[in-house]
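If you want the building blocks of each chain, they are given just below.
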Amino acid sequence: MDDSSKRLLQRLVRRIPAQTLRTTLEKWGRLTAAQQRSMDFTEPKWALTEKLLAICEENGFTAKHITELEMTNVIDNPNQGMWYAFQLMDPEDDANSVELTQFKEQFKSHLRELVRPVSVKIKKHTDEAVWIRIAWGDSFSRPNHLKPTYVVHHLQTPYVFVTSLTSKQKPLLSQALVLSARYRAIKDANLSGRKLTAIRDLLMRKYQQVFPTMYPSPLGERNQVDSNPHIEKEQAEPAANRLQMACEAFGDGTLPQLQSVVYKLETKFRDHTNKTMTEREESFSCVVKFASTNLLESLRHCASSGIASTPVTPLLSSILQKGRNYFVITDNGSGPSTQTRQPQN
Amino acid sequence: MAGASATGVLSQLSQLEVEARSRKTQPQQQQQQQQQSRVKELKAKVEALRAQRDQLKAEIETHKHLQKLRESLDKQSTHEEEEEEEMEQDSEHSQLLRLMARHTQLDDLLYAHHIIGGYNVTKTRQGKGVYVSLATAYDGVFLETYNLEIDLKPTLRISRHNVPPFIPLNSLAEQNNLQTNIRTFLDTLSQHLNAFAGRKQQLELLKELHKSVEVMESNVLCSILVLLFNLPKEKTAVLCTLDYTDHTRSLPTRVHFESEDKKLPDSPEWKKNCSLLKETPVHKALITMKKMGNIV
Numbered sequence: 001m002d003d004s005s006k007r008l009l010q011r012l013v014r015r016i017p018a019q020t021l022r023t024t025l026e027k028w029g030r031l032t033a034a035q036q037r038s039m040d041f042t043e044p045k046w047a048l049t050e051k052l053l054a055i056c057e058e059n060g061f062t063a064k065h066i067t068e069l070e071m072t073n074v075i076d077n078p079n080q081g082m083w084y085a086f087q088l089m090d091p092e093d094d095a096n097s098v099e100l101t102q103f104k105e106q107f108k109s110h111l112r113e114l115v116r117p118v119s120v121k122i123k124k125h126t127d128e129a130v131w132i133r134i135a136w137g138d139s140f141s142r143p144n145h146l147k148p149t150y151v152v153h154h155l156q157t158p159y160v161f162v163t164s165l166t167s168k169q170k171p172l173l174s175q176a177l178v179l180s181a182r183y184r185a186i187k188d189a190n191l192s193g194r195k196l197t198a199i200r201d202l203l204m205r206k207y208q209q210v211f212p213t214m215y216p217s218p219l220g221e222r223n224q225v226d227s228n229p230h231i232e233k234e235q236a237e238p239a240a241n242r243l244q245m246a247c248e249a250f251g252d253g254t255l256p257q258l259q260s261v262v263y264k265l266e267t268k269f270r271d272h273t274n275k276t277m278t279e280r281e282e283s284f285s286c287v288v289k290f291a292s293t294n295l296l297e298s299l300r301h302c303a304s305s306g307i308a309s310t311p312v313t314p315l316l317s318s319i320l321q322k323g324r325n326y327f328v329i330t331d332n333g334s335g336p337s338t339q340t341r342q343p344q345n
Numbered sequence: 001m002a003g004a005s006a007t008g009v010l011s012q013l014s015q016l017e018v019e020a021r022s023r024k025t026q027p028q029q030q031q032q033q034q035q036q037s038r039v040k041e042l043k044a045k046v047e048a049l050r051a052q053r054d055q056l057k058a059e060i061e062t063h064k065h066l067q068k069l070r071e072s073l074d075k076q077s078t079h080e081e082e083e084e085e086e087m088e089q090d091s092e093h094s095q096l097l098r099l100m101a102r103h104t105q106l107d108d109l110l111y112a113h114h115i116i117g118g119y120n121v122t123k124t125r126q127g128k129g130v131y132v133s134l135a136t137a138y139d140g141v142f143l144e145t146y147n148l149e150i151d152l153k154p155t156l157r158i159s160r161h162n163v164p165p166f167i168p169l170n171s172l173a174e175q176n177n178l179q180t181n182i183r184t185f186l187d188t189l190s191q192h193l194n195a196f197a198g199r200k201q202q203l204e205l206l207k208e209l210h211k212s213v214e215v216m217e218s219n220v221l222c223s224i225l226v227l228l229f230n231l232p233k234e235k236t237a238v239l240c241t242l243d244y245t246d247h248t249r250s251l252p253t254r255v256h257f258e259s260e261d262k263k264l265p266d267s268p269e270w271k272k273n274c275s276l277l278k279e280t281p282v283h284k285a286l287i288t289m290k291k292m293g294n295i296v
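Protein chains in written order, with the working numbering: chain G, 1 to 345; chain P, 1 to 296.
Hints were generated in silico from the structure; no laboratory data involved. Careful: at least some of the hints might be erroneous.
[To be verified] To give an idea of the interface, some chain P residues facing chain G are shown, with a C-beta separation under 8 Å as derived from the structure:
1) Thr124
2) Asn162
3) Val220
Just so it is clear, the structure is predicted and the values come from calculations on it, not from any experiment. Built from N, CA and C at the ideal position, the CB exists for glycine as well.
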């Protein structure tokens, strides 16, 4: 095993916690049963690294196998790093019938035409998502396996999720994706977060939405907690209304875990008590950011407890409806951002 | 019994005790006065109960009347030629009753429509929009319900929905001209959704019932399915590809077999399996194939 592969393995083992390492190694499936048993996961990390290095030397593994291990780990633990969502636009006629082998071949060949050398690994995960790992190289150097880009795409949907992409690499990846998925353009979906599962569920609408119906479904009755019959809530009806409106705007049950929403204001300053600011001609640029461990849950609670006024303002309800968490608001109303945000490395 | 629990059992007992003691010690006159006031109370109660009884009787009469009207209305809608039943007086009272009967008939009709899985349309925001809900079902089982919110002004526009992104909602709206022919749009959308729900349900049942068959590939739209069959005798495997290219159907349009044994797909057995998979839902077809001994 050459030096760069060794370094790659060392870095990988350092980053993965010991317990996850065990399951990842099992899923990787390249160690024999004896080798798997010989790894004692209670030892300190440096000991585990030495052991694993020795086993890999024994099996004659190369960088290819190490990157496979890394990919298995990322697929199993997708909720790390920053993920950015992109949307493919203007499908061609056959976009809906693109199948996996076709997509794989097309993507690899298009990317290889644009960048050389490049190392591309494509894997189909059981939840029907296609995972792509790209290690970029250029005319002066070999593919850099220490900073790979991961791309997740569900075929037959226009959504692509990307992590660790630099601005130089973005146009190349966009081109390859657009051509292989049979669309005509790609744009920033203005949605980002730490948890891939959350932003994916948001865009695929896998959360429970609330719609008013004339006939409630017979099985889906909310079990009300039997409260003390001697206690009567004075504000029972307004509270129920607020809860209904909060659920209509933010959905019911468990919500996808977003961490932040950013509003970039480019409106004129409006406050009658402050003449100097109001008299300025240019717009008052200001950025408002809401951050939380579970943003949608906290916003729903704000609305149902009365802290945010109901009916919920469209500024907040568009997070779920439009599936984005970055908004630019101008005086004519909020619209799509005129500049694309640069995903940072 | 809110009153009982408000005063408590012990306080009631002490009240009774006080009354009993006062009855023993009171002079005759006071007792008579007490009895008279008690009699007055009871008489008032009797009047109130009588009034309540009369009111209930009137309500029962109206209800019976309504039922009769409803029956005649139902008969009218099934037999158009029958003449209208003569009403006693064509007063305001009976007109109102007739309207009420018609209202209950329409309510029941709407509910029946809802139970059989028709579209429900609810008005919202003082008539500025409507909510439409579409139910999906497969094999007699109700599956997911999908909802659309449609704004009515200035033009018909879908503003909110929970249809998944791989169902081409916008292109369907354009193709079927949402503005002029909303019924066709809803029908086509319902076709797509029901077919998708059917394919998804088939995949779930297949995974549940046939653990020996491995699902090699599937996608979110459930429009492609690749299965691996193990043959019992020859110990070879057959890769079966099911293409559901028509997204409005829940049966595949193309079935393709691949195997190491090149002659296998052309054998009459497997040609029969090919047409079986095209005509029956996949989880049921696999049961038949297992029974025939073609697969494990």
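Each hint, compared with the structure:
Among the interface hints, the one on P:Thr124 holds; its C-beta lies about 7 Å from the nearest C-beta in chain G, closer than the 8 Å criterion. With a least beta-carbon distance of about 4 Å to chain G, the hint placing P:Asn162 at the interface is held under the 8 Å criterion. Because the beta carbon of P:Val220 sits about 5 Å from the nearest beta carbon in chain G, less than 8 Å, this interface hint is met.
Checked against the numbered hints given earlier, this structure breaks none of them.
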